[in-house]
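Peer 1: Residues per chain, in single letters:
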Amino acid sequence: MQNPDQKPLRSFGFHTRSVHAGARPEPNTGARAVPIFQTSSYVFEDPESAAAYFNLQEYGNTYSRIMNPTVAAFEERVGNLEGGIGAVAFASGLAAQSAVLFTLLNPGDHVVASAALYGGTVTQLKHLFRKMSVGLTFVDPDSPENWKAALADETKLLFAETIGNPGGNVLDIEPVAGIAHGHDIPLVVDNTFATPYLCRPIDWGADIVVHSATKFLGGHGTSIGGVVVDSGEFDWSNGKFPVISDPSPAYHGLAFHETFGGYGYLMKLRAETLRDLGSAMSPFNAFLFMQGIETLPLRMERHVANAVTLADWLRGRSEVAAVRYAGLDDSPYSTSRAKYLPKGAGAVFCFDLAAGREAGQEFIRGVELFSHLANVGDAKSLIIHPASTTHRQLDEEELAAAGIGPGTIRLSVGIEDVDDLIWDLEAAFARIA
Amino acid sequence: MPVSREYQEPETIQRILHQARTVAIVGLSPNELRASNFVGFYADRHGYEVIPVNPREDEIMGFRSYPSLEDIPKTVDVVDVFRDPSAAINIARQAVAVGAGALWLQFGVISDQAAEIARAGGLDVVMDRCFKIEHARYIGRMHWLGFNTRVITGRRPAHLL
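Residue numbers (our numbering), protein chains in the order written: chain A, 1 to 433; chain B, 434 to 594.
Mixed in with the good hints there might be a few duds.
What the hints assert, rightly or not - Sample of chain B residues at the chain A side, in silico, Cβ under 7 Å: (1) Ala468; (2) Phe474; (3) Arg516; (4) His576; (5) Trp577; (6) Leu578; (7) Gly579; (8) Phe580; (9) Asn581; (10) Ile585; (11) Thr586.
To be verified - Residues of chain B clear of chain A, computed beta-carbon distances all greater than 10 Å: (12) Val436; (13) Asn487; (14) Glu492; (15) Ser498; (16) Gly534; (17) Gly541; (18) Gly555.
Said to hold, decoys possible - What follows is a set of in silico ranges between Cβ atoms, one per label pair, in the way DEER data are often shown: (19) Asp246/A / His479/B: 51 to 57 Å; (20) Ala427/A / Gln441/B: 58 to 64 Å; (21) Gln38/A / His451/B: 57 to 63 Å; (22) Glu444/B / Pro35/A: 27 to 33 Å; (23) Ala591/B / Asp312/A: 39 to 45 Å; (24) Pro35/A / Asp517/B: 44 to 50 Å; (25) Glu48/A / His451/B: 21 to 27 Å; (26) Lys380/A / His479/B: 20 to 26 Å.
Calculated from the structure, these hints are not laboratory results.
Where a beta carbon is used, it is the ideal one built from N, C-alpha and C, also for glycine.
All chains, please: the whole structure from these sequences, using the hints.
Peer 2: This is the structure we're talking about:
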């Protein structure tokens, strides 16, 4: 083995890691961009190597449902940017979440979740847990005491979003993580809206971070994907998680936490859950996500600057009853924002039209540049009326808990010239005047 | 118990991995599902000479097993420890006595006393790190599993082992 003239490692900055992490030049060809390894499977060197790969005694590629070098580069990059021990990618954000939950939970377990979540997540939790016979309690996430009050002996994890969709609640991560750890359970945080550029929940005590990579990570609205990051710090051998610490009947008796230490949860997530659920990310999508992440810090700065300008402008409009953006100084979340999101509160926020539901739909008909669609985090500005689209499976009570009224409009502010965005919304206001 | 970063320095770890030839694994289990066996299998596969140290076995993975470090009739470059932290202190003394190059304490084998004894005896010391994972991080294929190797480089690497 040759010593390759190794320089001491340096703690590289976020912009540098956004471009480089996970993507060292390809050793066989010298390709500098991460190649798209569009292959289902990998030829083994010999039968002994094949056995070692399947036994997890050696890190080797077997089959792209479980691992792929292009996807791995994306995984390492997100894991690095979040300050985690590593990551596992999935075909979508919801696939990533369901895999996190499926790995940790057994029938009879219980989960406490924020009531101010993305509608698709609320539906997923309710539907999945009913099927799995897992108990579920939603809490108002704004007071840490609410989380504590909802704990039961069977509670196995807490689940929340850094910035709630679409209400813009900013999670007080540190005390909520403390409550989880006091109960010997992990805090799982969806960091999609903040991205690791604006907030790294692991720095504040979160144990597992999930993302819809479809949004700001990818940043261009081209691909569906998700990813799970593990801090590597949670003690899965504390007695509450035999699903991780005990010999696994699904992997010929392997005890993941003993064998892989802090890497045990991710190994199990990949070698069992991803293997069995089959929701793998495609290499091409991983390539596009990598391209997106290279400019993540630059885009987020512009997204945030445009969002602040638009929110401030909207606040001054007589047609607007309220603007709910944690980036505004009078937001009830300004204290949490200053602590957890010093570079900004993201670029997705809601405002309420005083005139209600009809006006909401008419407003959307009036925009030219904003696209009316069910996504966020694109470089292009997006608009939607949640009550009739993304959150329509929720009943009135759930809508209220998520901070959605009949006249609520959600914006995902893009990186265009902000004057053009204001021009566009002005025309929509003229239409409902 | 927080582990001092001075026993987890990347330069020290890489130097050990590059220079070592013989690795005595104290507490190597013949059970293929145990972490020690994973590391022994991996080290052998990657060209290290694995020397089992386990008084309860005569042979592990096809290699002669010795009751203690002091019974090994050759130079030991790395003493890799899979034992209770309390046992690590005496192992550290033995490692110094046989003139080993490095004391490597695996995940959870945390003993400042053992580390101090080895360091005072002139050994490199690594604590609460896995020999296999660190090899895979810098020279091997750890990044194929999406783990954060923290390796950032624009240079073309040698073919990965």
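Peer 1: Taking the hints in turn, state whether each one holds.
Peer 2: Here is how each hint holds up against the structure:
1. A hinted interface residue such as Ala468/B counts as satisfied when its beta carbon comes closer than 7 Å to some beta carbon of chain A; here the least separation is about 5 Å, so the hint holds.
2. About 5 Å separates the beta-carbon of Phe474/B from the nearest beta-carbon of chain A, less than 7 Å, and the hint is met.
3. About 14 Å separates the beta-carbon of Arg516/B from the nearest beta-carbon of chain A, more than 7 Å, and the hint is not met.
4. Because the beta carbon of His576/B sits about 5 Å from the nearest beta carbon in chain A, less than 7 Å, this interface hint is met.
5. With 7 Å as the threshold, the beta carbon of Trp577/B comes within range of chain A, its nearest partner Cβ sitting at about 5 Å, so the hint holds.
6. The restraint placing Leu578/B at the interface with chain A holds, with a minimum CB-CB distance near 5 Å, inside the 7 Å limit.
7. Hint on Gly579/B holds. Least Cβ distance to chain A is approximately 3 Å, under the 7 Å limit.
8. Annotation: interface hint on Phe580/B holds; nearest CB of chain A at approximately 4 Å, less than 7 Å.
9. With its C-beta approaching chain A no nearer than about 4 Å, Asn581/B sits inside the 7 Å limit, and its interface hint holds.
10. With a cut of 7 Å, the hint placing Ile585/B at the interface with chain A holds, because the nearest CB-to-CB distance is about 5 Å.
11. Checking Thr586/B against chain A: minimum C-beta separation of about 5 Å stays under 7 Å; hint holds.
12. The non-interface label for Val436/B is consistent with chain A: the shortest C-beta to C-beta separation is roughly 12 Å, beyond 10 Å.
13. Separation of Asn487/B from chain A is adequate, the least Cβ-Cβ distance of about 18 Å exceeding the 10 Å criterion.
14. For Glu492/B, the shortest C-beta to C-beta distance to chain A comes to about 19 Å, beyond the 10 Å cut-off, and the non-interface label holds.
15. For Ser498/B, the condition that its CB be more than 10 Å from all CB atoms of chain A holds, with the nearest at approximately 19 Å.
16. Every Cβ of chain A is farther than 10 Å from the Cβ of Gly534/B; the closest lies at roughly 15 Å, confirming the non-interface assignment.
17. A beta-carbon of chain A is positioned within 10 Å of the beta-carbon of Gly541/B; the least distance is around 7 Å.
18. With a least beta-carbon separation of about 21 Å from chain A, Gly555/B lies farther than 10 Å from that chain, consistent with its non-interface assignment.
19. Distance hint check: the CB atoms of Asp246/A and His479/B are about 30 Å apart, inconsistent with the given range 51 to 57 Å.
20. Between Ala427/A and Gln441/B the CB atoms are about 59 Å apart, so this pair conforms to the stated range of 58 to 64 Å.
21. Range check, Gln38/A to His451/B: Cβ separation about 35 Å, and the 57 to 63 Å hint is violated.
22. For the hinted restraint 27 to 33 Å between Glu444/B and Pro35/A, the CB-CB distance of approximately 31 Å keeps it satisfied.
23. Range check, Ala591/B to Asp312/A: Cβ separation about 54 Å, and the 39 to 45 Å hint is violated.
24. Hint check: Pro35/A to Asp517/B, Cβ distance near 46 Å, so the stated range 44 to 50 Å holds.
25. About 25 Å separates the C-beta atoms of Glu48/A and His451/B, a value consistent with the hinted range of 21 to 27 Å.
26. Checked against the hint of 20 to 26 Å, the C-beta distance between Lys380/A and His479/B comes to roughly 49 Å, which is inconsistent with it.
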